[in-house]
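Q: Below are the chains, spelled out letter by letter.
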Amino acid sequence: MIKHFLTLEWRAFFRSASFKTNLVFKIFIGLIILYFILIFAAAGIGAYYGLKKAHLEPLQTVNKFMIYYLLADVMFRYFFQKIPTLTIRPLLVLPITKNTIVHFSLGKTVLSFFNITHAFFFIPFSIVLLINGYSVLGVITWHLGILALILFINFLNILINNKDVIFGIAATIVVGLIASQYYKLFDVTLYTQPFFQGLYEHIWMIILPILALLATYYFTFNFFKKDLTLDERLHIKKNLATNQNLNWLNQFGTLGTFLKNDIKLLLRNKRAKTTLYMSFFFLFYGLLFFTMDVYKGGVMQAFAAVFVTGGFLINFGQFVPSWDSSYYQLMMTQNISYKEYLNSKWWLMVIGTAISMVAASFYIYFGWDIYMTILAVGIYNIGFNSFLVLFTGAYTRTAIDLESAKGAFGDKKAFSVKTILFSLPQMLLPILLFKIGKLLGNTDIGIALIASFGILGLLFKSKIFMLIEKIFQKEKYKAIAAYKQKN
Amino acid sequence: MIQVNNLTKKYNNTTVLNIQDLEIPRGQSFGLVGNNGAGKTTFFSLLLDLIEPSSGGIINHDIQVNSSEDWKRFTGAFLDESFLIGYLTAEEYFYFIGELRNQNKADVDALLKKYEEFFNNEILNTKKYLRDLSKGNMKKVGIIATLIGNPEVVILDEPFANLDPTTVNRLKKIVKELAENPDVTVLISSHDLQHTVEVCNRIVALNKGEVVKDINTSEETLKELEAFFAV
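Here the protein sequences line up with chains E and U, keeping their order. Numbering that gives the first Met the number 0 puts the first residue of the first sequence at 0, with every later residue one more than the last. Numbering that gives the first Met the number 0 puts the first residue of the second sequence at 0, with every later residue one more than the last.
The reader is advised that the hints may include incorrect statements.
[What the hints assert, rightly or not] Listed next, the in silico DSSO-like pairs over lysine-lysine satisfying Cα-Cα at most 30 Å (straight line): (1) K2(E) with K97(E); (2) K483(E) with K9(U); (3) K127(U) with K483(E); (4) K134(U) with K175(U).
[To be verified] Short derived list, chain E residues pointing at chain U, Cβ under 8 Å: (5) F64; (6) I115; (7) H117; (8) A240; (9) N260; (10) Q328; (11) T332; (12) N334; (13) I479.
Since the hints were made in silico from the structure, they are not lab data. Even glycine gets a Cβ: it sits at the ideal position worked out from N, Cα and C.
Using the sequences provided together with the hints, build the complete structure.
A: This is the structure:
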């Protein structure tokens, strides 16, 4: 039985659409994976010696932050780990017991990428601990304990999946804990650190995470088995339609018609909604740079601002027209001009960028010059990058499955030489302009240069639109064929 | 009038469609029959400029479809579910199509009122997104949407498939009514010989991409076709 299941999995993996890309891309992805493995491994080894150098006890320090590491893992999985339910539909009517099906589909999740990545950190770290004379038994129980906790999270995620309320509560608690630790109100690590440390010091404590793991597995198993019918768990969720009138957009004519549709697209589809979440996260990208003195007044200020204001623009724009891939044939037989179609997408990006620019006003806290950079880059995003992403989109022929949140982190087929060619200037140009400004005198000149580039782009809008339209026309048949393949 | 000249479509040197000469006069109700892979959908896709012809072309009311887009003003088509926007409700979808064809809300409402019986209370005011409708109900929405804005050419691919018997009869009535209008050309493809014979006044049979029969419907048509497709 297991053999059959494994064959199915093997084929599902190697015959998946994303695997059928060209060799260059496979090598590229392979290198990226290798890169991450090395980074994690280096972190595992480096963590020990780095902390030692900083005169901190390595294991204790790692245990101190372990709670945040695990909580971050919960968040990350919530967004990106897919729960394998629908794939077992065809198995239901075959002569296999429900227990086997459930055990298999739960067991399968153990091998998920989300569990394996942790190994690349914890295995090297544990080995380094052993080399440096830590108690062998202690390290082993600690390691197994953490492994059990990671698997515990894995099953917990299956239990809480798609329950936004639970996720909301968890997210609030995490933010609250980080904030109260930062402001020294309450330090949760004081309570959790002894537990993780205990896994090393008291061998019997390994029972606790293992019990937790077994308990969640038991609950998840029963939860799954109980609902293993088509009208419960495996049934494709249907939401009641919400009424969004948006009649005020009618005054904009055809532009309004498309805008209404695009707003509904963003609000009613899982994949499109992810774009909105991502744009929100991008808003805080600047915190990485503006809080560190190293980057103060440097070119990276402009680099960060591209993402702070352009989160929505980049995430949404690079998939125009792929957002409409599932009904592209309809669009192509309707009496519409590409210009009107593009214009509505462009305006949506402008609105998104404008909202980000206003929302980013909290960066004033880090200084006016930083907020001025953000505003200038915002104008540059509107007047220049908006067109560049549309060029990228015209060559991106990835059918988007609106119903699945997967693939939000860069669609695999979306990768091509052309995409890179168009996306490099998006980030490099503001850096360059900022640098030129600094060389000429001060950052103000750089900021002015960036903004004027954006205004220049706006002046040539109709000319640029004509160029993009031509590409759309030329790529029409290829796009239709590519979008059809998925269906 | 729709004029087909030396039209071929090849995929990797395999010819899937080869129609030398075909003329569909204005106002005709034209039925396309054939087995799977005969080239019915390929022909409609070429007519809608969704795929590129390998040679030749189609002229729809004096407009070469692969060089001008003006045919879109008077052509309505429904090939499959990829013509539906899954995240809209049926009403929203109808109004969206209406706005693209310069029809105001009242015009669309009037049209929907006319086809109330066809919807059988399963489409309007149900608070369901199109992606959550059954296949049959999706088809109903798609077919009625092609009629918005009084198109002169109506193209329906397999309209009878997936529909319940009552709805099939209602659809036949709708198609017949359309066909009575001398300004409306209706093109239908189907596997079902009987349905096609009932609603069309001309039937063309395709086999492996070529026209093998071209007959004006009469008493004997159904027998003739059944004999042709007999095993």
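Q: Take the hints in turn and mark each one as holding or not.
A: Right, here's what the structure says about each hint:
Taking the CA atoms of K2(E) and K97(E), the gap is about 17 Å. The hint holds against a cut of 30 Å. For the suggested pair K483(E) and K9(U), the alpha carbons sit about 18 Å apart, so the restraint of at most 30 Å is met. The straight-line distance between the Cα atoms of K127(U) and K483(E) is roughly 25 Å, inside the 30 Å bound, and the hint therefore holds. Taking the CA atoms of K134(U) and K175(U), the gap is near 23 Å; set against the 30 Å cutoff, the hint holds.
Given the 8 Å rule on beta carbons, the hint for F64(E) is violated: about 42 Å separates it from the nearest Cβ of chain U. Checking I115(E) against chain U by beta carbon gives a least distance of about 34 Å; that is not within 8 Å, so the hint is violated. Violation of the interface hint for H117(E) is found here, the shortest Cβ-Cβ separation to chain U being roughly 36 Å, above the 8 Å cut-off. At its closest, the beta carbon of A240(E) sits 4 Å from a beta carbon of chain U; the interface hint therefore holds under the 8 Å criterion.
The criterion of a C-beta within 8 Å of any C-beta in chain U is met by N260(E), whose closest approach is roughly 6 Å, and the hint holds. Evaluation of the Q328(E) hint against chain U yields a held restraint, the C-beta minimum of about 5 Å falling below 8 Å. Checking T332(E) against chain U: minimum C-beta separation of about 5 Å stays under 8 Å; hint holds. Interface hint status for N334(E): upheld, as the beta-carbon distance to the closest one in chain U is roughly 4 Å, under 8 Å.
Interface hint at I479(E): satisfied, since its Cβ lies 5 Å from the closest Cβ of chain U, which is below the 8 Å cut-off.
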